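Heads up: the protein sequence lines correspond to chains F and A, in order. Residue numbers for the first sequence follow our numbering, so the first one is 1 and each next one is one higher. Residue numbers for the second sequence follow our numbering, so the first one is 1 and each next one is one higher.
Warning: the hint list may mix true and false statements.
[Unchecked claim] Partial list, computed: chain F residues near chain A (C-beta under 7 Å):
#, residue
1, Pro43
2, Phe45
3, Asn59
4, Pro61
5, Ser65
6, Tyr69
7, Asn71
8, Asp97
9, Gly103
10, Gln104
Hints are computed from structural coordinates only; laboratory data are not their basis. The model shown is predicted, which means the values in this text are computed figures rather than measured ones. Even glycine gets a Cβ: it sits at the ideal position worked out from N, Cα and C.
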Amino acid sequence: DAGVTQSPTHLIKTRGQQVTLRCSPKSGHDTVSWYQQALGQGPQFIFQYYEEEERQRGNFPDRFSGHQYPNYSSELNVNALLLGDSALYLCASSFHDTEAFFGQGTRLTVV
Amino acid sequence: AQSVSQHNHHVILSEAASLELGCNYSYGGTVNLFWYVQYPGQHLQLLLKYFSGDPLVKGIKGFEAEFIKSKFSFNLRKPSVQWSDTAEYFCAVNAGGGKLIFGQGTELSVKP
Chain F
1 DAGVTQSPTH LIKTRGQQVT LRCSPKSGHD TVSWYQQALG QGPQFIFQYY EEEERQRGNF
61 PDRFSGHQYP NYSSELNVNA LLLGDSALYL CASSFHDTEA FFGQGTRLTV V
Chain A
1 AQSVSQHNHH VILSEAASLE LGCNYSYGGT VNLFWYVQYP GQHLQLLLKY FSGDPLVKGI
61 KGFEAEFIKS KFSFNLRKPS VQWSDTAEYF CAVNAGGGKL IFGQGTELSV KP
C-alpha cells in the first residue's frame, strides 16, 4: 500500500515563473493538505482540499492555488515565483479529519 | 492567534540520557495534539497523538507525552535515548478541520 507520494522530488525555477507540484494521497484517504516548510522552521499550512473544494486556507497569497481531482490526487500551483518561495513543500493526506500522513516533499529552489 | 511554541531549538544528548522536549500551545478550542518526527532524509512520521482521555499518551519507539491542560503543555519524553533517535521533532495542534499548526521544531542530536 503506497503512502503519500509527491512529485517531483526537487525542482529549480527562476523568479517570475510558475510551478506545479503534485500529490497522490494514501489509499483510502479523501483529504489533502499542503504545507510549506522553510529551512529551520516548522511546516506552515497553505490550504486543504476535500471533495474537490478548497475547505480551509492559511495565510498565503492568491499566487498559491490548488486543485483536487476526483481520484483525490492534488496539485499545488504557485505563480510569479519569488526567492522567498524556496522551501520544502509537503503534502499530507487523511481520511476526513483523522491522522495526517505526510509525503517526502518537493524541494523547490527559486533562483 | 493559534500558535505552538517549542522551547529548545537544538538538544544534544549522550546515549542513555533521558529526554524531555517542551511544547506549549495557544488554542481556545478542543485540542488534538501531536508529536511528529523527521529522521534525516525521511518524511514526517507521527510519534504519538492526544485526542482525549488519559493525558499520558504512549507512542512508538518508547516515546510518551503528557498533556497538562492547565499549563497548555504537551511535553515529549523518553527515558533513555538512542543514537537512532537523532532527528527533528515537531509538536503540532489540530486547529480545526485537520489544519495542523506546527512548532518550529527541535533538532535532537544523540552522541554514541
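Determine which of the earlier numbered hints do not hold for this structure and return their numbers in increasing order.
-> Violated: hints 3, 4, 5, 6, 7.
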